[in-house]
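In case you want the letters, here they are:
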Amino acid sequence: MSQNRKTIIPIGPYHPLQEEPEFFELSVEGEKVSDIDIHIGYNHRAIEQIAQRMTWDQLIFLVERICGICSTSHPIANCNAQEDLAGVEIPERAKYIRSIVGELERIHSHLLWAGLAGHFIGYDTLWMWIWKYREPVLEIFEKITGNRNHYAMMKPGGVRRDIKEEDIPYLKKVLDEAERKIDMITKAVLDDPVLAARLKGVGVLTKEDAIKYCTTGPVARASGVAIDVRRDDPYAAYGLVEWNVITQEEGDVFAKTVVRLLECFESIKIIRQCLEKLKKVKGEIAVKIKEMPPGEGKGRHEAPRGETFHYVRSDGSNNPVRVKVRAPTYVNLPTCKATVPGESIADAAIILASIDPCYCCTDRMMRVVNKKSGKIELDGSKLIKLSQEKTGRLRREFGI
Amino acid sequence: MSLTTFSLKKSIWVYHLSAGSCNNCDIEILDCLTPRFDLERFGICLVGSVHHADVILATGIVNRKCLPRVKRIYEQMPKPKLVVAVGTCACSGGIFARGYNMAGPFDKIIPVSAYIPGCPPKPEAIIDGVVKLIQSLNGKLTRNKTNERIR
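Residue numbers (my numbering), protein chains in the order written: chain C, 7 to 406; chain R, 234 to 384.
Simulated from the structure, these hints should not be mistaken for lab results.
Heads up, a few of these hints could be off.
Only pairs whose alpha carbons sit at most 30 Å apart, straight line, appear in this in silico DSSO-like list of lysine-lysine [to be verified]:
id, chain 1, residue 1, chain 2, residue 2
1, C, K388, R, K341
2, C, K138, R, K243
3, C, K285, C, K275
4, R, K304, C, K396
5, C, K149, R, K341
6, C, K388, R, K304
7, C, K391, R, K341
8, C, K178, R, K355
9, C, K381, C, K396
10, C, K179, C, K285
11, C, K275, R, K355
12, C, K179, R, K355
13, R, K304, C, K377
14, C, K178, C, K288
15, C, K170, R, K355
16, C, K138, R, K365
17, C, K149, R, K365
18, R, K304, C, K391
19, R, K304, C, K138
20, R, K341, C, K396
21, C, K206, C, K187
22, R, K242, C, K138
23, C, K138, C, K178
24, C, K149, C, K187
25, C, K206, C, K218
26, R, K355, C, K187
27, C, K213, C, K343
Here are some chain R residues the structure puts well away from chain C; computed CB gaps all over 12 Å [unchecked claim]:
id, residue
28, K242
29, S244
30, P311
31, K312
32, P313
33, Y348
34, D361
35, L366
36, Q368
37, L370
Nothing here was measured: the structure is a model prediction, and the numbers come from that model.
Note that beta-carbon positions come from the ideal geometry of N, C-alpha and C, so glycine has one too.
Chain R extracted, bound-state conformation:
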C-alpha cells in the first residue's frame, strides 16, 4: 500500500459533481454530511474544488452540455482518481436513458470505481458504498482502472 492510499483511507475528501440529475441524489449526499448521518465521523469531508478531492461523487445522466465539463473536471483531479456513481441515473441513465440529450452514463466517459444504485439511494446506501470503497482501498484498489486514460 502506497503512502497516498494509506493516508487516503483515513480521510477521504469528496467532491460533488452533478451532471444533469434531478437533485435528489444531490440532496441525499448533502444529507449524509448533516448531523443525522454525519459522514464526517469517517473523516469524509465535502470540498469545494476538485483540486483538493480524492473522490468524485457523481450524480446525473451526463447530458451533452455537461460532457466537456465532466471530462475537464476529471482531468483536473489529483491521482489516484476515484469516482463513485451515485444513483441509477449515474449508473445506467435510468428513466432518461432513451432521451436525445443523454451522453452518459458516467462509466462511458470516465472510469468509475464504485456504483451506488437507487433512485435516490438512501443515505445508508451511500454510507455503505463509501465504506466498501474504503475497504477496497486496502490493497485491492483497481489501480489499472483508475489510471486508464479518458475515453
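The shape of chain C in the complex, shown without the other chains:
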C-alpha cells in the first residue's frame, strides 16, 4: 500500500510565483512529476450572468473587464459578434484604429509574459529589464486612449475615439524606440546560454498533441500549427495590410518564447502600415447601430494568447439574452497534461506559465451535485435566486 502512495505537491492557490489564484496538484515520484490536476474558479466573477442585465453598449465595458491584459481583445471579439448580429460594416478608418489598438496590446502582453517568464525561472534581471521597456507601449496607450489599461476604445459599430493627426509622429517615434529595445531584448534572450539551458527541450508539446488538444495562438504556432484568426478569417484591417504568421517547430518553452518575441515585430509592422493608412483614410469612425434584431451573432479575435470567441443572442430588446465567452486559455490550459508529466518539479512552474495562462478569462462555474443523494446543491436556478436576493438586499440598502 505504502509503496503505491504518491506524494502530492500543491502549487497555489496563493503561491509566490502566481499572479492570480489557481491551484495545481502535482503528483510526484521523486523529482519527476507523474500527474497533474488543475483546480480553477478562484477568479470566477459571474460575467456571463451579469452580461444579461447590461445594455448592448454597457456590455463592452463589462467584457473589457474580463481580463486586464487582453482588455481590448474581448471588446473587439464582442463588437464583431454584435456587428455580425446587427449586420453592419464598420467604417474603414475604424478598422485601422481597431487593428492599431489590438496590435499594441499584443506587444505589451507578449513583453509582459516574457518578463514574467524570466521571473518564473528566477531570472529577475530579465523581468525588470523587459518591464522597463514595456512602459513606452503603455505610454502610447495613455496618449491615444487616455488610460494605461482598460482602454474603452471599442464600441459596437466602430471605435469610441479617433487617433489625431498630430499624435501620429509621436506614436511613430515611440514605436521606433520600442522596436529598438525589443530587438535588443530578443537578441539577448535568443543568445542567452542560461535561458537556452533552462528552456530548450523543456515541456515539449508535439504537433499531434497541439492539434489533439485544440490549442490556439502562440502555443499552437510554437508547435508548428500555423493557425491565426487574423489570417484565416480577416476582420478589422488585418486583410488590408502585409504581415506574416510566425511559427516554430520545436514546441518547447523556448519556441513559445521565440514565437511571442518575433510576433512583436509583426505587430509593429502592422501598426506602421495602419498609421500610414490613417493619414489617407478619413471619415467617420463609427456607424450608429439603430436596433439589434432578434438572432445570434458570433465574433472572433486573435488575442495575444490565441483565439477569443464571443457569442451573443438577442431577442430584439436592448439587452442580450445570452453572452458566451470562450477565452484562449480555456483550450490551452489542458495541454499541461501532455507537457508537465515526466518533467522535474522545478520546471513545472515555467511549463505551466509557458501557455501564457490567463485564469480570469478562463474561470468557470460548476454545479455541485451531492454524490450520495444525487441532489443538485447549487445549480442555475439557485444561482439566479442568490443573485435576486442580493439585488433585493442592495435595493433595500439604497432605498431604490
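Go by the hints and put chain R onto chain C.
Only chain R this time, still in chain C's reference frame:
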C-alpha cells in the same frame, strides 16, 4: 510610537493578494516595483509569503471560492495587520457587485486600512496610497481597527 511601527515605516514589506480580480490591478502593482516607478526606493519590497508581510495589497472582488482562503491568509499575517484595497473591485465590487459569486468587497471580510480606487489605479495612485499609509503610521495608525477580530 511603538518599535514595530517605527521599523515598519522604514521598510514596508507587501504581500500581493489577488482574490478574483481581472489581473489589471495586479500588473499595475508589479509595475510599481519595476524600474520605471520603483517602489523599492521607499523600502517597499514584495514578499512571497504573508508570514513575512506587513501590508496586504488586496485586489479583486473576493469571490465565494476565495473567501475562506482570504480569511486564512489574514489570520496568518503578523501584527499590526494592514490591508490596502487596490482598485475599484477591492473597494466596492465595481461592475461585478451584482454578480452571484461576489462575497466581498474586502472591508466586509477583513479590516481595511486604506483604499486606492481606480480601474485600474495608475502606479502613481498606488504610490500615493502607500505614501499616505506611511504618513498614517506616524502615530495616527488606526490601531483599534487593525486589531478588530475578523467578521
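We went through each hint and held it up to the structure:
1. K388/C <-> K341/R: holds (23 Å)
2. K138/C <-> K243/R: holds (26 Å)
3. K285/C <-> K275/C: With Cα atoms ~16 Å apart, K285/C and K275/C stay inside 30 Å; holds.
4. K304/R <-> K396/C: Given pair K304/R, K396/C holds - Cα atoms ~22 Å apart, limit 30 Å.
5. K149/C <-> K341/R: violated (37 Å)
6. K388/C <-> K304/R: holds (25 Å)
7. K391/C <-> K341/R: holds (22 Å)
8. K178/C <-> K355/R: holds (24 Å)
9. K381/C <-> K396/C: holds (24 Å)
10. K179/C <-> K285/C: Within the cut-off at roughly 16 Å; holds.
11. K275/C <-> K355/R: holds (29 Å)
12. K179/C <-> K355/R: holds (24 Å)
13. K304/R <-> K377/C: holds (28 Å)
14. K178/C <-> K288/C: holds (19 Å)
15. K170/C <-> K355/R: Answer holds: K170/C to K355/R is near 24 Å, not above 30 Å.
16. K138/C <-> K365/R: Satisfied, since the Cα-Cα distance of roughly 26 Å is no more than 30 Å.
17. K149/C <-> K365/R: With a Cα-Cα distance of about 28 Å, the restraint between K149/C and K365/R holds, given a limit of 30 Å.
18. K304/R <-> K391/C: Judged against 30 Å, a Cα distance of about 26 Å means the pair holds.
19. K304/R <-> K138/C: With a Cα-Cα distance of about 35 Å, the restraint between K304/R and K138/C is violated, given a limit of 30 Å.
20. K341/R <-> K396/C: Roughly 15 Å separates the two Cα atoms, so the pair holds.
21. K206/C <-> K187/C: Holds: K206/C and K187/C sit about 24 Å apart, inside 30 Å.
22. K242/R <-> K138/C: Holds: K242/R and K138/C sit about 27 Å apart, inside 30 Å.
23. K138/C <-> K178/C: With a Cα-Cα distance of about 19 Å, the restraint between K138/C and K178/C holds, given a limit of 30 Å.
24. K149/C <-> K187/C: Distance ~20 Å between K149/C and K187/C Cα, so the pair holds.
25. K206/C <-> K218/C: Measuring from Cα to Cα gives roughly 23 Å; hence the hint holds.
26. K355/R <-> K187/C: holds (24 Å)
27. K213/C <-> K343/C: holds (15 Å)
28. K242: Non-interface label stands for K242/R: nearest chain C Cβ at 25 Å, farther than 12 Å.
29. S244: holds (19 Å)
30. P311: holds (16 Å)
31. K312: Nearest chain C Cβ is 20 Å from K312/R, so the label holds.
32. P313: Non-interface label stands for P313/R: nearest chain C Cβ at 21 Å, farther than 12 Å.
33. Y348: holds (19 Å)
34. D361: Answer for D361/R: holds, closest chain C Cβ roughly 15 Å.
35. L366: With a cut-off of 12 Å, L366/R remains clear of chain C, as the shortest Cβ separation is near 22 Å.
36. Q368: holds (26 Å)
37. L370: holds (25 Å)
Of the numbered hints given earlier, the model fails hints 5 and 19; all others are met.
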